[in-house]
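Novice: The sequence shown begins at 1 in my numbering and counts up by one.
Treat each hint with caution, since some may be false.
Unchecked claim - Keeping only pairs whose Cα atoms sit at most 27 angstroms apart, straight-line, the calculated BS3-like set for lysine-lysine is:
# : residue 1 : residue 2
1 : 49        : 89
2 : 107       : 89
3 : 49        : 14
No lab work stands behind these hints, which were simulated from the structure alone.
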Amino acid sequence: MGNHIIEMTDIIKKFYIGTPNELTILKGMTLHVEEGEFVSIVGASGSGKSTLMNIIGALDHPTSGNYILGGEDLGGMAGNKLSDIRNRKIGFVFQTFNLIPRTTAIKNVELPMLYAGMSASRRTVRARELMELVGMADRTKHLPSELSGGQKQRVAIARSMANNPDIILADEPTGALDTETGRMVMDIFHRLNREQGKTIVLITHNPELAAETNRIITISDGRIVREEEGAAQGGGSRESA
């Protein structure tokens with residue numbers, strides 16, 4: 001540890017700029033995440049969690065402030081360069097799985113590799129490895145509609161790992177799952193963090209899940225209001241002014 005993989009400084013995000021409805025969602029947020037950390041971002045609905053996730057994931061630009069991801073400054077970067085970085089450096093896992101319905105599980109996992117220009121034979125080998133990693137080796141040919149919620153989420157996690165990204169960004173990944181299935185999904189994240197050194201940013205409103213991570217960052221009304229160490233690190237908290 002010691003190297004920052006995410007460096008956000010004074011991030012402001014506004015919508016409807018210059019109109020009477022102008023809204024400031026993120027109000028000067030500074031957030032650093034170290035390589036290999038498992039961090040949770042917690043906040044109520046409307047706190048700015050989704051907006052922050054879109055900026056961390058390079059899906060949206062901040063209105064102002066600096067964002068350096070894995071040593072690359074994303075400020076003013078052209079859309080095609082940004083999508084290339086996104087595809088290589090970040091794996092996404094969403095609450096709603098976002099699998100392509102009429103495509104087999106293994107083909108869903110291959111998709112990011114296809115975008116990255118990897119050969120068909122290498123894609124298949126890598127996708128099989130990943131399906132095995134998440135305990136889905138016997139479900140490669142199933143369509144999403146033939147899978148349970150937990151199985152879909154495991155396929156989604158395999159897909160997020162396709163290009164061996166530095167960061168997995170998980171937005172309420174257990175939100176649509178029952179407690180037991182959610183537990184299984186969290187165990188996979190812990191394993192990826194511990195065994196493969198993946199940096200994981202978990203966005204959740206569930207304090208129990210957040211408590212399992214190294215660090216819990218609580219946001220409210222577009223600001224970080226508290227940072228504390230989770231159970232993985234051993235207690236302690238710090239209020240932000």
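Novice: Hint by hint, note whether the structure agrees.
Specialist: Status of the hints after comparison with the structure:
no.: 1; hint: 49 <-> 89; in the structure: holds, 20 angstroms
no.: 2; hint: 107 <-> 89; in the structure: holds, 20 angstroms
no.: 3; hint: 49 <-> 14; in the structure: holds, 14 angstroms
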